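Go ahead and model the full structure; you've got the sequences and the hints to work with.
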Amino acid sequence: MVEQLEQMWDYAQSIADEEDKDPEPRDFKEISPDKVEQTAQKIENILKKNSRSSSKAKAKARYIDKNFANNLRKYQEQEQILAGRNSYSKTDRDATFMRMQDDHMQNGQLKPGYNIQMST
1 MVEQLEQMWD
11 YAQSIADEED
21 KDPEPRDFKE
31 ISPDKVEQTA
41 QKIENILKKN
51 SRSSSKAKAK
61 ARYIDKNFAN
71 NLRKYQEQEQ
81 ILAGRNSYSK
91 TDRDATFMRM
101 QDDHMQNGQL
111 KPGYNIQMST
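Just so we're aligned, residue 1 is where the sequence shown starts under the working numbering, counting upward by one.
Quick caveat, the hints were computed from the structure, so don't treat them as lab data. Keep in mind that this is a model prediction, so the values were computed, not measured. Incorrect hints may have been included.
What the hints assert, rightly or not - When the alpha-carbon atoms are kept at most 27 Å apart in a straight line, the in silico DSS-like pairs for lysine-lysine are as follows:
#, residue 1, residue 2
1, Lys111, Lys90
2, Lys29, Lys60
3, Lys48, Lys35
4, Lys74, Lys42
5, Lys56, Lys66
6, Lys29, Lys42
7, Lys49, Lys60
8, Lys111, Lys74
9, Lys90, Lys66
10, Lys60, Lys74
11, Lys29, Lys58
Said to hold, decoys possible - Listed next, with one range per pair, are the computed distances between beta-carbon atoms:
#, residue 1, residue 2, range
12, Gln78, Gln13, 45 to 51 Å
13, Leu110, Ser51, 50 to 56 Å
14, Ser89, Asn50, 44 to 50 Å
15, Ser55, Ala83, 42 to 48 Å
Just so you know, even glycine gets a beta-carbon here, dropped at the ideal spot from N, CA and C.
Right, dumping it as structure tokens:
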């Protein structure tokens, strides 16, 4: 996402009119959904105003505007659910995917399971 945002920002700045140019380059090292929304809106506005912008660039800007911020929010939520684990089940967030024993068809599968260890 960061790479695509940087490319679109550079393209928009290269064709932007003087009043739309941003004197300082955007820093996309740490991105937040709000920053992505603002940047996507600005890119889309620049491309709408300028007649030199290509239809592919406009389509990509619309895609970025519609999807990137929502996807970033979803990724942050998933990272929070993971909390250092490698995987989680969407139906039971406490379960982790484990390779279970082979069944009678000899196909071991990844299924949600618990690694419970008890001692007395």
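Structure-based check of all given hints:
no. : hint                        : in the structure
1   : Lys111 to Lys90             : holds, 11 Å
2   : Lys29 to Lys60              : holds, 21 Å
3   : Lys48 to Lys35              : holds, 20 Å
4   : Lys74 to Lys42              : holds, 23 Å
5   : Lys56 to Lys66              : holds, 15 Å
6   : Lys29 to Lys42              : holds, 18 Å
7   : Lys49 to Lys60              : holds, 16 Å
8   : Lys111 to Lys74             : holds, 23 Å
9   : Lys90 to Lys66              : holds, 24 Å
10  : Lys60 to Lys74              : holds, 20 Å
11  : Lys29 to Lys58              : holds, 24 Å
12  : Gln78 to Gln13: 45 to 51 Å  : violated, 32 Å
13  : Leu110 to Ser51: 50 to 56 Å : holds, 53 Å
14  : Ser89 to Asn50: 44 to 50 Å  : holds, 48 Å
15  : Ser55 to Ala83: 42 to 48 Å  : holds, 43 Å
Of the hints listed earlier, the one the structure fails to meet is number 12.
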